[in-house]
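Let the hints inform the model, and build the full structure from the sequences given.
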Amino acid sequence: MKKFFFLSVLVTTVFLGAAGAPAQDWISLKEASRNIRSVKAEFLQKRYLQILTKPLHSEGKLFFYAPDSLRWEYLNPLRSVMLQKGNTIQVYNFSEGAWKPEMTQAVEARRMVLAEISRWFQGRFDESKGFKHTYSPEPPGHIILVPGEGINRFIQRIEIFLSVRPGVIDRVEIEEPGGSRTSIEFRNVEINSSFSPEVFEKP
Amino acid sequence: MIRRKGLNICLLGFLILSIGCVPKSKTTLSPGLPEDLPGCYAIFPAEPWESVHRIEATIRGGSSSLLGVTRGEPSERRFQSLLLSPEGFILFDAERRENGIAVRKAVAPFDSPAFARGLMEDVTFLFLPPQVKPATWGKKTDGTMICNWEGPDDSHTEITGSMESGWRILRRDKQGEVIKEVVLNGPFVNGLASRMELRAFKPTPYRLRMTLLQTFP
Chain A
1 MKKFFFLSVL VTTVFLGAAG APAQDWISLK EASRNIRSVK AEFLQKRYLQ ILTKPLHSEG
61 KLFFYAPDSL RWEYLNPLRS VMLQKGNTIQ VYNFSEGAWK PEMTQAVEAR RMVLAEISRW
121 FQGRFDESKG FKHTYSPEPP GHIILVPGEG INRFIQRIEI FLSVRPGVID RVEIEEPGGS
181 RTSIEFRNVE INSSFSPEVF EKP
Chain B
1001 MIRRKGLNIC LLGFLILSIG CVPKSKTTLS PGLPEDLPGC YAIFPAEPWE SVHRIEATIR
1061 GGSSSLLGVT RGEPSERRFQ SLLLSPEGFI LFDAERRENG IAVRKAVAPF DSPAFARGLM
1121 EDVTFLFLPP QVKPATWGKK TDGTMICNWE GPDDSHTEIT GSMESGWRIL RRDKQGEVIK
1181 EVVLNGPFVN GLASRMELRA FKPTPYRLRM TLLQTFP
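Going line by line, the protein sequences match chains A and B.
1 is the number of the first residue of the first sequence in our numbering; add one for each residue after it.
1001 is the number of the first residue of the second sequence in our numbering; add one for each residue after it.
Honestly, I wouldn't trust all of these hints.
To be verified - What the simulated footprint calls covered on chain B by chain A, stretch by stretch (three residues with Cβ under 8 Å from a Cβ of chain A suffice, anywhere in the stretch; the number is not a length):
(1) 1051-1058
(2) 1064-1070
(3) 1079-1093
(4) 1208-1216
Said to hold, decoys possible - Below, simulated PhoX-like cross-link-like pairs (lysine-lysine); rule was C-alpha separation at most 25 Å, straight line:
(5) K46(A) - K1105(B)
(6) K1105(B) - K54(A)
(7) K61(A) - K46(A)
(8) K61(A) - K85(A)
(9) K1202(B) - K1174(B)
(10) K40(A) - K54(A)
Honestly, the hints are just simulated from the structure, not real lab data.
Everything numeric in this text was worked out from a predicted model, so none of it was measured.
Yeah, the Cβ is synthetic: ideal placement off N, Cα and C, and Gly gets one too.
Structure (structure tokens):
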């Protein structure tokens, strides 16, 4: 559950960022999120761990199609993909030249997490029991998410920095208790572009 | 003729089974030349290090891909090891100190004491040489090092190889059977092998294929 909540946070921040533009008020931001049909993006993730001098870099891409289709894929250093289509959730790791289902699928945990994402995606941020939000519209516009009791054992704070280009974010910072943090930079974000539905079905 | 062929197949099968059951033979050496002794430690980091490995773990027919992060202090035989999911979530975090293992974080299914003990033993096996001096060692004419250590519990550790041909570490139990084997292949970066494969045979068989992704310094 913890692991997948972490993942959900990454995904959700993309949607929020994609939905918002600098100098928008919160109501406009929520409205914009309701117009999103699909999101396609690449990302560079930097994982800062206290025991490592240099951050650990990962690259990947994501696809989302409203209301509940998602592909979150890491391309390196480990190839791994989570696929959601409706209520079906699958996780695969690429190992020894082939995609193999992950041993612990934790489907129920993922389903709960993705339901949370869907609420946020549809602009129902105030219905979230997980995070309290603060939105600062002044450039660079950013959103701060503070987790409630329980989640704050794993995530201390999330900050989303919006790009000057409407509908695109520059990066997301996720802080954890104990000093570790994750920075995700998004590139080539496409809103409402079309892609094959197969991306949600096959690794 | 048919009977003869059947007998041959039977003999072949018996031979294969026999090979599978006989422990790999131990090499007997006398104490070697003092100048060759450092070669027994060539595959272990001599200075403090940080490393990140891609790990493909296979156990009971299932496989899992993880990231392994380790920071070590060889002179104090101390290290900290983390296992990360592909997303970067910390699944396991523990430290090996002089007085034992301290688990800082462990998420199911990595949260059993047996898992923590096994993982820290494997990291020790991979990165730290036995604490005592080898009982015997030697260098063959082709440059291959052969080093044997005797453990306190009648276990044995053997290291053979060279930087050119790669290295093999064997751990034997007191019956002489191989319980763990590591194959290391270069190039070596900051004293760390680029590729390692650990196979455990007893009590639970598993395999770890590790690829070095980054190291510091």
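How the hints compare with the structure:
no.	hint	result
1	1051-1058	holds (count 3)
2	1064-1070	holds (count 5)
3	1079-1093	holds (count 10)
4	1208-1216	holds (count 3)
5	K46(A) - K1105(B)	holds, 21 Å
6	K1105(B) - K54(A)	holds, 22 Å
7	K61(A) - K46(A)	holds, 14 Å
8	K61(A) - K85(A)	holds, 17 Å
9	K1202(B) - K1174(B)	holds, 13 Å
10	K40(A) - K54(A)	violated, 29 Å
When the structure is compared with the earlier hints, a violation turns up for hint 10 alone.
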